[in-house]
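Can you build the whole structure from these sequences, using the hints too?
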Amino acid sequence: RKSWWDTVDALAKPVGRACTPEQMRAWARDDNLWVRRAAVLHQLGRREATDAELLGEILAGNLDSGEFFLDKAVGWALREYSKTDPAWVRTFLDEHEMAALTRREGSKYL
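Residue numbers (the numbering used here): 849 to 958.
There may be inaccurate statements among the hints.
Dumping the calculated DSS-like pairs for lysine-lysine here, alpha-carbon to alpha-carbon at most 27 Å [claimed, not checked]: (1) Lys931 <-> Lys956; (2) Lys956 <-> Lys920; (3) Lys956 <-> Lys861; (4) Lys920 <-> Lys861; (5) Lys931 <-> Lys861; (6) Lys920 <-> Lys931.
Listed next, with one range per pair, are the computed distances between beta-carbon atoms [said to hold, decoys possible]: (7) Thr855 <-> Arg894: 14 to 24 Å; (8) Pro862 <-> Asp942: 17 to 27 Å; (9) Thr868 <-> Ala948: 12 to 22 Å; (10) Cys867 <-> Ala908: 30 to 40 Å; (11) Glu943 <-> Asp854: 25 to 35 Å; (12) Ala935 <-> Trp852: 31 to 41 Å; (13) Ala935 <-> Asp879: 27 to 37 Å.
These are calculated hints, taken from the structure and not from any lab test. Virtual Cβ for every residue (Gly too), placed ideally from N, Cα, C.
Structure, rendered in structure tokens:
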């Protein structure tokens, strides 16, 4: 079966819990956009337990992909983390260039 957003999104969090930060960093640079999307989304819902440094590194490394599904995922990750640490997300948005879709999604709750 071919990878698609619904499959990847369902697996991102459980796989992310089982993997090390180093593995997620490697996934974030993978040639396959679905592997990268899983890395981008793997911390969704962790709230205060989010590793913000890792999140920032992974998101920043995927800002210039030009891929709709990655742009959307980065925005989603920012939007969700803004519920926990809006100041961190504001700073990230201020310091990085990104697709309009990513910025719109990421700033939705700010």
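Report task. Hints the structure violates: just list their numbers, smallest first. Result -> The structure conflicts with hints 8, 9 and 10, although it agrees with all the remaining ones.
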